[in-house]
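Let the hints inform the model, and build the full structure from the sequences given.
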Amino acid sequence: MDLVGIATGQILSSFSVFLFLTILLLAVARRISTAVLLFSLQSAVITAEVLATAFQEQLPEAYVVGVLVFVIKVVTIPRAFFLLADKLKTVRDVKASTTPTQSVFIAAAIIYLSYAAVHSYGQSMHVPDDALAAAVSLILTGAFLMVSRKKALMQMLGLLVLENGIFLAALITTFGMPLVIEIGVFFDILIGLLLMGIFTFRISDTFDHLDVSKLRRLRG
Amino acid sequence: MKITVDILQVLLLILGAPLVRGIIARMKARMQRRQGASVWRPYAELAKLFRKEDLVPPTSSAVFRLAPMLLFGATVCVAAFVPVVHASALLASGGDFFLLVYLLALGRFFLSLGALDGGSAFGGMGASREALVSSLAEAPFLLGLVAVAILASRADLAGIVAWTLQQSIFNISAVHVLAFASLAMVALAETGRMPVDNPTTHLELTMIHEGMVLEYSGPRLALIEWASAIKLHAMLALLIGLFVPWGMASGDSAWGIALALLLYCVKAGILMVLLSVIESAVAKMRMYLVPEFLGVASAVSALAVIFTMLAKR
Amino acid sequence: MQMGLMGASLFFLLSVLGVCVPLILIASHTKSARKLAISLILTASLAGCAAAVLGFLRQSPPLLDLSRITPFPFLLVIDRLSAFFLLLVCAVAVPVTIFAVPYFDLHYSEPRRNWTWAFFSLFLLSMIVVVTAATGFAFLAGWELMTLVSAALILIEGDSEERRHNVFIYLLMMHAGAAAVAACFFLFLPYSHGLDFEAIRTASATIPGPIRTAVFLSAFVGFGTKAGLIPLHLWLPRAHPIAPSPVSALMSGIMLKTAVYGFVRFAFDFLGGGPWWSGYAVLLVAAITGLLGILYAIAEHDLKRLLAYSSVENIGIVFLGLGTSLIFLANQAPLGAALALVAALLHAFNHALFKSLLFLGAGAISNATDSVDLNELGGLQRRMPFTGAAMLVGCCSIAGMPLFSGFVSEWLTFRGLLAGSSLIGTKAQIILPLMVGILALIGGLAAACFVKTFGVAFLGRPRSAGAEHAREVPLGMRVGLLLLGACCICIGILPGLLLRPLVSLAQVLIPGAGVPEETLSIARIIPWIAAIVLGTGALAALLKRRERLARTWACGLPELSSRMQYTSTVFSKPIRFVFARAYRPDRTVETLPADQPYFPVSISYRSVRTTSYERVLYRPFVEWVVSLAHRLRRLQTGNIQIYLLYIFLALVSLLTFLRFQN
Chain X
1 MDLVGIATGQ ILSSFSVFLF LTILLLAVAR RISTAVLLFS LQSAVITAEV LATAFQEQLP
61 EAYVVGVLVF VIKVVTIPRA FFLLADKLKT VRDVKASTTP TQSVFIAAAI IYLSYAAVHS
121 YGQSMHVPDD ALAAAVSLIL TGAFLMVSRK KALMQMLGLL VLENGIFLAA LITTFGMPLV
181 IEIGVFFDIL IGLLLMGIFT FRISDTFDHL DVSKLRRLRG
Chain U
1 MKITVDILQV LLLILGAPLV RGIIARMKAR MQRRQGASVW RPYAELAKLF RKEDLVPPTS
61 SAVFRLAPML LFGATVCVAA FVPVVHASAL LASGGDFFLL VYLLALGRFF LSLGALDGGS
121 AFGGMGASRE ALVSSLAEAP FLLGLVAVAI LASRADLAGI VAWTLQQSIF NISAVHVLAF
181 ASLAMVALAE TGRMPVDNPT THLELTMIHE GMVLEYSGPR LALIEWASAI KLHAMLALLI
241 GLFVPWGMAS GDSAWGIALA LLLYCVKAGI LMVLLSVIES AVAKMRMYLV PEFLGVASAV
301 SALAVIFTML AKR
Chain D
1 MQMGLMGASL FFLLSVLGVC VPLILIASHT KSARKLAISL ILTASLAGCA AAVLGFLRQS
61 PPLLDLSRIT PFPFLLVIDR LSAFFLLLVC AVAVPVTIFA VPYFDLHYSE PRRNWTWAFF
121 SLFLLSMIVV VTAATGFAFL AGWELMTLVS AALILIEGDS EERRHNVFIY LLMMHAGAAA
181 VAACFFLFLP YSHGLDFEAI RTASATIPGP IRTAVFLSAF VGFGTKAGLI PLHLWLPRAH
241 PIAPSPVSAL MSGIMLKTAV YGFVRFAFDF LGGGPWWSGY AVLLVAAITG LLGILYAIAE
301 HDLKRLLAYS SVENIGIVFL GLGTSLIFLA NQAPLGAALA LVAALLHAFN HALFKSLLFL
361 GAGAISNATD SVDLNELGGL QRRMPFTGAA MLVGCCSIAG MPLFSGFVSE WLTFRGLLAG
421 SSLIGTKAQI ILPLMVGILA LIGGLAAACF VKTFGVAFLG RPRSAGAEHA REVPLGMRVG
481 LLLLGACCIC IGILPGLLLR PLVSLAQVLI PGAGVPEETL SIARIIPWIA AIVLGTGALA
541 ALLKRRERLA RTWACGLPEL SSRMQYTSTV FSKPIRFVFA RAYRPDRTVE TLPADQPYFP
601 VSISYRSVRT TSYERVLYRP FVEWVVSLAH RLRRLQTGNI QIYLLYIFLA LVSLLTFLRF
661 QN
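Residue numbers (the numbering used here), protein chains in the order written: chain X, 1 to 220; chain U, 1 to 313; chain D, 1 to 662.
Treat the hints with caution; some may be incorrect.
[As the list claims (entries may be wrong)] So, partial list: chain X residues that the calculated Cβ filter (under 7 Å) puts toward chain U:
id : residue
1  : V17
2  : V104
3  : A108
[Stated by the list, open to error] For lysine-lysine, the following BS3-like pairs were computed, each having C-alpha atoms within a straight-line distance of at most 30 Å:
id : chain 1 : residue 1 : chain 2 : residue 2
4  : U       : K284      : D       : K573
5  : U       : K28       : U       : K52
6  : X       : K95       : X       : K214
7  : X       : K95       : D       : K573
8  : D       : K544      : U       : K48
9  : U       : K2        : U       : K267
10 : X       : K214      : X       : K87
11 : U       : K284      : X       : K150
12 : U       : K284      : X       : K89
13 : U       : K52       : D       : K544
14 : D       : K427      : U       : K312
15 : X       : K150      : X       : K87
16 : U       : K284      : X       : K95
17 : X       : K150      : X       : K214
Worth flagging that the hints you see were computed from the coordinates, not collected in a lab.
Where is the CB? At the ideal position from N, CA and C, for every residue including glycine.
Here's what the structure looks like:
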C-alpha cells in the first residue's frame with residue numbers, strides 16, 4: 001500500500017516534466033503518425049495523473065473519469081486518426097510553416113510564458129506551479145499547432161491537445177472534476193471531431209488534397 | 001589511494017575505448033541481422049596500424065605530422081576529467097567543464113589543420129563541415145552543462161557528481177531531463193555518430209570526420225582512431241556521471257569500487273544499446289539539416305537553463 | 001614643474017618620443033640618424049614598460065606635471081589602471097618596432113621612411129599620453145593626436161581616391177566619438193572645479209542622477225565608436241586594412257584598448273558603476289558586436305579585413321565582461337564584479353598581443369608574396385617556417401585554445417557569466433547564464449574562422465606564383481613575431497603572472513572585492529594540463545615509425561593541382577549559408593554569350609557583401625542632416641535689413657528672458 005502511495009506521490013510531482021517533453025517533441029514532429037503517437041502518450045500521462053489524484057483524494061468517480069480518458073483519448077481517437085489518414089491516402093508530412101528550430105524556440109517561449117503567467121495564481125489557489133503551467137502550456141501549444149500546421153488533420157490534433165490542456169487545468173483546480181461536466185465536455189469534443197472528420201473526408205474527396213492554405217483560393 | 005583509483009579511471013577510459021567501439025559495432029550488426037566482427041577487433045586494428053609504415057604527402061608540413069599527437073594528448077587529458085567509479089578524477093576537482101569542452105576543441109582544431117595540410121579536396125570538405133557542426137554544437141554543449149552546474153552550485157565535475165549523488169533517485173527534475181536530452185544530441189554530433197555523421201561510410205562525399213583523416217596512415221592513423229574512441233567513451237562516462245551516478249563508490253574499499261565498476265558497465269551497456277538502436281533506426285541527415293538538429297538542442301538546453309531559475313527561487 | 005625620479009623618467013619618455021625622434025628624422029636623412037631614432041624609440045618603449053611595472057608596485061603613483069609650460073593643466077599620473085595599460089602599450093610597441101625596422105626598409109624609400117618613423121614615434125607618444133593623462137586637457141589632446149597621426153600614417157602609404165575616402169570616413173567617425181568623449185568631461189564642469197581626475201572623482205559623488213546617466217551614455221557612445229562596437233564600427237574595416245602592417249598592429253592592438261581604458265576609467269573609477277540598466281545595455285551591444293563581428297570575419301578572404309572584423313568580435317568579448325561587471329556592481333556583488341572586470345582586462349591585454357602578432361604576420365606574408373588574399377596563398381608553412389609557427393600560435397590564441405593566452409581570458413569570462421546565476425531574484429540570474437551560449441557560439445565560430453585562415457594560407461599547395469616563390473622574411477621581422485608568440489604561450493601556460501596584478505587592480509577599482517577563487521584555480525591547473533597534453537603527445541610521438549613520402553590520393557588522376565583544394569570562400573560557405581540572414585550579398589552573374597546557346601564564352605559571378613548599416617542607419621541620417629542644412633540656408637538671405645532684424649530680435653528676447661527670470 002505504501003508503494004502505491006509513493007508511486008502516486010511521484011507521479012503527481014513529476015508528471016509535468018513528461019508533458020513538457022511531449023510538447024517539445026510535438027513542436028519538432030514531422031510526420032502525422034508521430035504527432036498522433038505523441039498525443040496518445042500525452043493522454044496516457046494525463047490518465048496516470050487522474051488515477052493518482054483519484055487515489056489521493058479518495059474519489060471513486062474520478063476512477064471512472066480516468067478509465068474514460070484512457071479509452072477515448074489513448075485508444076479510440078488515435079485509432080480513428082490512423083484510420084482516417086489511411087482512408088484519405090494523405091501524404092505523411094505535417095507541412096509546418098516554421099522550421100524545427102523556430103518551432104522549438106516558440107515551444108520553449110510558450111513554456112516560459114505559462115510559468116510566468118501562473119506564478120501568482122498558483123500561490124493563491126494552493127496548487128503546484130508545475131502542473132498549472134503544464135496545463136496552460138498545453139493550451140497554448142494546441143493553439144500554436146493549429147496556427148502553424150497546414151494539414152487539416154493537424155488542425156484537429158491541435159484542437160485535441162488544447163482540450164487536453166483545458167481538462168488538465170480543470171482537474172488541477174477542482175481536485176477531481178464532477179463527472180457530469182466531464183461527460184458533457186467529452187461529448188462536445190466528440191461531436192466536433194466527428195463533424196471535422198466528415199468535412200475532411202469531403203474536402204479530400206473534392207479537392208484531392210488537405211492543404212488548408214490552398215482553401216484561400218475559394219474566395220471570390 | 002585516491003590517486004591510484006583516479007589513474008585507474010583514466011586507464012579504464014583509454015584502454016576500454018576500443019572495446020566500447022567494438023561492442024557498439026557488434027550490437028549494430030546483430031540488429032541489422034548480420035554476424036558482426038568480434039568485439040575485440042578494434043584492438044587488433046590498432047595493433048596492425050601501429051606496425052605499419054607512415055605515409056606522408058610530399059606537400060605537407062610539420063602541422064600534418066604533429067596534429068595526431070596533439071589530438072591524442074588533448075583527448076587523454078579530457079579522459080582525466082571524467083569521474084567513473086567514484087566522485088572524483090585526476091583533474092575533476094581543479095578543472096571544470098569549460099576546460100573539458102575547450103580541450104576537445106583543441107584536438108579538433110589541430111585535426112582540421114592536418115586535414116587541410118593534405119592538399120586534397122576531401123580534407124578541405126571534411127574540415128569545412130566539421131567547422132560548421134562543431135561551431136554550432138558548442139553552445140548547447142556548454143548550456144546543458146551550465147544548467148546542471150547551476151543546480152549543483154558548483155562548476156567542477158567532481159562537485160557536480162557529488163551533489164547529484166546526494167539527490168534522491170526518484171526526484172525527476174525537469175532541468176535534468178532537458179539537459180540530458182540536449183547533451184545526448186550534442187554527444188551524437190561531437191562523436192560523429194548517426195544521424196549527424198556515418199562512422200562506417202566509405203563514400204567520401206558523405207564523410208565529415210572520416211574525410212579529415214583520409215590522408216593519414218600507420219601509427220598516426222592509429223592515434224587518431226584511438227583518440228576518437230576515447231572521446232566516445234568519455235562522453236558516455238560523462239553522461240552517466242552527470243545524470244545517473246548512483247552506485248559510485250563513496251569510500252576507498254576495494255569491494256565498493258568493484259561494485260561501482262560493475263554498475264558502470266551495466267549503465268554503459270544500456271547507453272550503448274540505445275546508441276546502437278538510434279544508429280540502426282535513423283538515416284543520416286542531410287548536411288544542412290544538421291544546423292536544425294543542433295538548433296533544437298540549443299533551444300532545449302536554453303530551456304533547461306531557464307528552468308533552473310524556477311528551481312532556485 | 002613638479003617631478004620626482006619617476007616623473008623625470010616620464011619626462012624623458014615623452015620628450016624622446018615627442019620631440020627628439022621627429023626632429024632627428026626630419027633634420028637628417030642619413031642611415032645613422034635613422035638608426036639613432038629607432039634605438040631611441042626602443043629605449044623609450046622599454047623605459048615605458050619599466051615605468052609601468054614600478055608605477056604598479058609603488059604606493060604613491062608617480063606623476064609629471066607640465067602645467068607651467070602648457071596653456072591648460074597637463075598632468076600625467078601612473079596609477080594602477082594607467083600602469084596596466086601603459087604596460088600594454090609599451091610591451092606591444094617593442095616587438096612591433098623591431099618588426100617595423102626591416103619592413104619599412106623594404107616597403108618605403110626616402111624620404112617617406114623618415115616621415116613614417118617620425119609619425120610612428122608621435123603615435124606611440126599620443127597613446128602613452130592618453131593612458132597616463134590625469135587632466136581632461138591632456139586626455140583630449142592625446143586622443144586627438146592619436147587620430148590625426150594614424151590618419152597621416154595611412155596617407156603616407158598612398159594617396160588614391162579610395163584611400164582618401166576611407167580616411168575621410170575614419171576621421172569623421174573618430175571626431176564624432178571625440179565630441180562625445182569631450183561631452184563626458186564637460187558634463188562634470190558645473191559640479192567640479194577644473195577637469196583634473198581627482199576633482200572629477202570627488203565631484204561624481206554629488207552629481208544628480210540624470211547627469212550621471214548622460215555621462216554614462218556619452219562615455220559609452222564616445223568610447224564605443226573608438227573601440228568599434230556595432231553599429232559604430234564602420235571605420236574599422238575601412239581603416240585597419242589599408243594601413244601598413246606595423247601601423248595596423250598598433251591600431252588594432254593598442255588604439256582600440258585605449259578606448260577600453262577610457263570606458264573603464266569613466267564607468268568604474270569616476271562613476272562607480274552606471275545606472276541599473278547600464279550593464280544590460282552594454283551586454284546586449286557587446287553580444288551583437290561579438291556575433292556579427294565574427295560572422296563578417298568568416299566571410300572575408302582578404303586577410304587584413306578578416307583580422308579587422310575579428311578585432312570587432314574581440315572588443316565585443318571585452319565589453320561582454322565589462323557589462324557583466326557592471327551588472328554585478330549594480331546588484332552589490334563586488335566579488336563577481338571583480339571577476340568579470342579581471343576577465344575583460346585580461347582579454348584586452350591578450351588581444352593586444354595576439355592581434356598585433358597576426359597583423360605582423362600578415363605584413364610578413366605580404367612582404368614575401370605580395371598578396372594578402374587568402375585565395376592566392378597556400379603552402380607557406382614549408383617556405384616560411386618561423387612565420388608559420390608564429391602565426392599558428394597567434395591563430396590558436398585568438399581561437400581560444402587551451403595552453404594559449406586567449407583561452408584564459410575567455411574562460412574567466414565564462415566563469416563570470418556562470419557566477420551570474422548566484423544573483424537570485426534578478427533578471428541577471430537567467431540572462432547571464434544564457435549569454436554563455438552566445439559566447440560559446442562566438443568562440444566556436446572564431447575557431448572555425450582561424451582554422452580557415454591558417455589552413456588556407458599556410459597549408460596545402462600554393463595557389464599562386466607569388467605564394468610558390470615565397471621565402472622566409474628577414475631576421476628583424478622574425479624576432480618581432482617570435483617575441484609576441486612567446487608572450488602568448490607564456491601567458492597561456494602561466495596565467496598567474498598577469499592575474500595577480502589584475503586582481504589587485506580590480507580591488508582598487510571595485511571597493512570591497514575579495515580575490516575571486518577562479519583566478520587562483522585556473523593558474524593552478526593550466527600547468528598540469530599543459531604537462532599532460534604535451535607529455536602524452538611526446539610519448540605518442542615515440543611510437544611513430546619511418547616515414548615515406550607518398551602522393552595524396554587523387555581519385556585516379558595523375559596529379560592534384562592547387563586549384564582542387566578548398567579555398568577560403570568555399571570553406572566558409574556552410575557557415576555563411578546557415579547564417580544567411582546576417583549577410584545580404586549583391587550577386588551579379590554576367591554571361592558572355594557565343595553563337596551556340598549552350599556554350600557561352602564566359603560566365604562570371606560576382607558577390608559583394610554590402611553591410612546594411614550604411615543603407616539603413618547612416619544614409620538616412622546623413623540625408624536628414626543635409627536636408628536640415630538646406631533648410632537652414634534660408635536664414636542667409638543676403639539682405640542687410642534682415643540681419644539687423646536678427647540682432648534686434650536677439651536683444652528683445654534677451655530682455656524678455658531677463659524679465660521672466662526675476
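To see whether the hints hold, each was checked on the structure:
1. Annotation: interface hint on V17/X holds; nearest CB of chain U at approximately 5 Å, less than 7 Å.
2. For V104/X, the interface hint holds, since its Cβ comes within 7 Å of a Cβ in chain U; the closest pair sits about 4 Å apart.
3. With its C-beta approaching chain U no nearer than about 4 Å, A108/X sits inside the 7 Å limit, and its interface hint holds.
4. This hinted pair checks out: K284/U and K573/D have alpha carbons roughly 21 Å apart, not beyond 30 Å.
5. Distance hint between K28/U and K52/U is fulfilled; the C-alpha atoms sit about 29 Å from each other, no more than 30 Å.
6. With a CA separation close to 12 Å, the supplied pair K95/X and K214/X stays within the 30 Å bound.
7. For the given pair, K95/X sits about 28 Å from K573/D by alpha-carbon distance, which is consistent with the 30 Å threshold.
8. Taken as a hint, the K544/D and K48/U pair is honoured in the structure, with Cα atoms around 13 Å apart against an allowance of 30 Å.
9. Annotation: proposed proximity of K2/U to K267/U holds, straight-line Cα distance about 23 Å (limit 30 Å).
10. Of the supplied pair hints, the one linking K214/X and K87/X holds, its CA atoms being roughly 21 Å apart against a limit of 30 Å.
11. Distance restraint check for K284/U and K150/X: the Cα-Cα separation of roughly 27 Å lies within the 30 Å cut-off, and the hinted pair is therefore satisfied.
12. The hinted pair formed by K284/U and K89/X meets the criterion: a straight-line CA distance of about 27 Å does not exceed 30 Å.
13. Proximity of K52/U to K544/D is assessed by CA-CA distance (about 10 Å); at most 30 Å being required, the pair is judged to hold.
14. Distance check on the hinted pair: K427/D and K312/U sit about 13 Å apart at the alpha-carbon level, within 30 Å; holds.
15. Note on K150/X and K87/X: the hinted pairing holds, with a Cα-Cα distance of about 19 Å set against a maximum of 30 Å.
16. Of the pairs offered as hints, the one joining K284/U and K95/X holds, with about 21 Å between alpha carbons and a cut-off of 30 Å not exceeded.
17. Simply put, K150/X and K214/X have alpha-carbon atoms about 9 Å apart, close enough for the 30 Å limit, and the pair holds.
Comparing the model with each earlier hint shows no violations; every hint is respected.
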